[in-house]
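**Q** Sequence:
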Amino acid sequence: MTYDLDKALVPQGLSSGCFIDSPASFPNRRRIGHETVLWSNFIVNAPVVYSLLERRLLYFLTLSVKHRFTEKNLGVPDSWKELYFEMTDADLGKIGGVTNVLQTYRALSDIGEKFMSISFVNEHGERIDGKVHWVDTFFYNAATKKYKVRMSPEIMPYLINLSKAFTAFDIGTAMQLSSKFSQKFYELCCQFSGDFRYIDNSGKIFKKNVVPINIQDLRRLFNLEEEKDPRTGEVLTKGKYKNFKDIRKRIIEPAQAELNGLYLSGQSNVWFDYCECDRVGRKITSFYFFVYTKENPKKENSHIWKSGDTPLYPFEEVRSSSRKKESSVELWKDCTIEQLEYIVENLMLRYLGKSEVGYYIHFLSRPEHKSRDAYLQVIQVISDKERQPKFSSGTSSYKKKSIIEYALHENLKVFGWSIPPPPRSKKRNAVERSIPGLW
19 MTYDLDKALV
29 PQGLSSGCFI
39 DSPASFPNRR
49 RIGHETVLWS
59 NFIVNAPVVY
69 SLLERRLLYF
79 LTLSVKHRFT
89 EKNLGVPDSW
99 KELYFEMTDA
109 DLGKIGGVTN
119 VLQTYRALSD
129 IGEKFMSISF
139 VNEHGERIDG
149 KVHWVDTFFY
159 NAATKKYKVR
169 MSPEIMPYLI
179 NLSKAFTAFD
189 IGTAMQLSSK
199 FSQKFYELCC
209 QFSGDFRYID
219 NSGKIFKKNV
229 VPINIQDLRR
239 LFNLEEEKDP
249 RTGEVLTKGK
259 YKNFKDIRKR
269 IIEPAQAELN
279 GLYLSGQSNV
289 WFDYCECDRV
299 GRKITSFYFF
309 VYTKENPKKE
319 NSHIWKSGDT
329 PLYPFEEVRS
339 SSRKKESSVE
349 LWKDCTIEQL
359 EYIVENLMLR
369 YLGKSEVGYY
379 IHFLSRPEHK
389 SRDAYLQVIQ
399 VISDKERQPK
409 FSSGTSSYKK
419 KSIIEYALHE
429 NLKVFGWSIP
439 PPPRSKKRNA
449 VERSIPGLW
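Here the sequence shown stands for residues 19 to 457, numbered as in the working numbering.
Since the hints were derived computationally from the structure, they do not count as laboratory data. Treat each hint with caution, since some may be false.
PhoX-like, lysine-lysine: derived pairs with alpha carbons at most 25 Å apart [what the hints assert, rightly or not]:
(1) K166 to K84
(2) K324 to K388
(3) K324 to K267
(4) K164 to K132
(5) K132 to K166
(6) K226 to K132
(7) K149 to K256
(8) K225 to K317
(9) K256 to K246
(10) K149 to K132
(11) K90 to K182
(12) K225 to K260
(13) K246 to K258
(14) K301 to K372
(15) K149 to K90
(16) K149 to K225
(17) K408 to K263
(18) K226 to K149
(19) K431 to K419
(20) K246 to K182
(21) K388 to K431
(22) K246 to K260
(23) K226 to K164
(24) K388 to K301
When you get a sec, could you build the whole thing from the sequences and use the hints?
**A** The structure is reproduced here in structure tokens:
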């Protein structure tokens, strides 16, 4: 089970850290201090449609909103009549660098032409899809050489008076990042830092600041999918990087290296590691996203994981065997047999094919085996297997073999019974004869 990025969950914070001066490649960056700003998780989880400079401008405007509205507690719509913000070339130099003022100017004028997609459920329970601007008006005064932008009122609820489902991040760190993908990963790191802890639908508890992310969610988040107009079906943007290898090489690893470098130099409070989670055949379908902070650092070292290092393990360690049994069994003690069957089926589908799962469910549904204890014991041995670091870092074929040949065949013997491996096509009849009434 992987985390749905559209359901961002709890207020997250970025604690203040010790920062050093910005690198020379970002002139005048120190003039934008290390202040904390807030974005609704809705913005954090919106697809990347803005360029590097455009996103820096959004950070700068968010800081302006903070100073004008949030700090003065002007959170009511009536106060939004004065949403104009003046900027100068000096401001643009702080945002994009003193040698990139013209490029930053073009980015500022382009922001108004781009939409951020939104969706919500109205009071009638109907899903509404829409698009909003960050900036809806842009002027340049040639006499005063000043720029004036008007922020859209529709974006304001996502920036001020946030009481839940928000992400806090450091504006000074965000402005240093050198790609739109690093910017997005930084925002995600901040979202999943703080006291964030993920628990999946089966009740499995992950380590603090670890979350599984589906590749399709990642593709949507980084705007890699083909986009079509929901009304006409017209293709608006073409898809890119269909192979996870390309996503890893062009998006994940460069962002990871940049954030890790800033963390090691004291300029960022967060960075991330990752490892593959699930596969379908040779295709990676999800990965584990590990967020490290000054308050919750990587225990072994502060460097990016490489082959030969201790495998990255996403789940909470359970230290005693008695606690293991309680954590796996106690959770489902009040479930009916039908509910337990559903839980077991979905647990097996993580690692086995549908026909193999059908074999096991059929076995467990036989009168001599169908009992609450049998289902709970199956949950127990699979959960115990999942907690093993070697299993967590193994390939999909290794995980399948571990479940079939060990968890369900060998480990169940502790409880006085076991399930033989499902028949292979050439040996199916022989195996069926050895299990009377199985089919």
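**Q** State for each hint whether it applies.
**A** Structure-based check of each hint:
1. The suggested pairing of K166 with K84 holds, with an alpha-carbon distance near 18 Å, which does not exceed 25 Å.
2. For the suggested pair K324 and K388, the alpha carbons sit about 45 Å apart, so the restraint of at most 25 Å is broken.
3. For the suggested pair K324 and K267, the alpha carbons sit about 15 Å apart, so the restraint of at most 25 Å is met.
4. For the hint linking K164 to K132, the alpha-carbon distance of about 22 Å falls within 25 Å, and the restraint holds.
5. As the CA atoms of K132 and K166 are separated by approximately 18 Å, the hinted pair is consistent with the 25 Å bound.
6. Of the pairs offered as hints, the one joining K226 and K132 is violated, with about 36 Å between alpha carbons and a cut-off of 25 Å exceeded.
7. Using a Cα cut-off of 25 Å, the hinted pair K149 and K256 holds, with the two alpha carbons roughly 19 Å apart.
8. Proposed proximity of K225 and K317 is supported: the alpha carbons are some 12 Å apart, at most 25 Å.
9. Distance hint between K256 and K246 is fulfilled; the C-alpha atoms sit about 9 Å from each other, no more than 25 Å.
10. As the CA atoms of K149 and K132 are separated by approximately 9 Å, the hinted pair is consistent with the 25 Å bound.
11. The hinted pair formed by K90 and K182 meets the criterion: a straight-line CA distance of about 20 Å does not exceed 25 Å.
12. At most 25 Å may separate the alpha-carbon atoms for a hinted pair to count; K225 and K260 exceed this at roughly 30 Å.
13. Using a Cα cut-off of 25 Å, the hinted pair K246 and K258 holds, with the two alpha carbons roughly 14 Å apart.
14. The straight-line distance between the Cα atoms of K301 and K372 is roughly 17 Å, inside the 25 Å bound, and the hint therefore holds.
15. For the hint pairing K149 with K90, the CA-to-CA distance comes to about 29 Å; that exceeds 25 Å, so the pair is violated.
16. For the hint linking K149 to K225, the alpha-carbon distance of about 36 Å lies beyond 25 Å, and the restraint is violated.
17. For the hint pairing K408 with K263, the CA-to-CA distance comes to about 23 Å; that is within 25 Å, so the pair holds.
18. Annotation: proposed proximity of K226 to K149 is violated, straight-line Cα distance about 34 Å (limit 25 Å).
19. The straight-line distance between the Cα atoms of K431 and K419 is roughly 17 Å, inside the 25 Å bound, and the hint therefore holds.
20. Between the alpha carbons of K246 and K182 the distance comes to roughly 31 Å, so the proposed pair goes past 25 Å and is violated.
21. The hinted pair formed by K388 and K431 meets the criterion: a straight-line CA distance of about 17 Å does not exceed 25 Å.
22. A threshold of 25 Å between alpha carbons decides the hint, and for K246 with K260 the separation of about 17 Å falls inside it, so the pair holds.
23. Our distance criterion of 25 Å between C-alpha atoms is broken by K226 and K164, whose separation comes to about 47 Å.
24. For the given pair, K388 sits about 35 Å from K301 by alpha-carbon distance, which is inconsistent with the 25 Å threshold.
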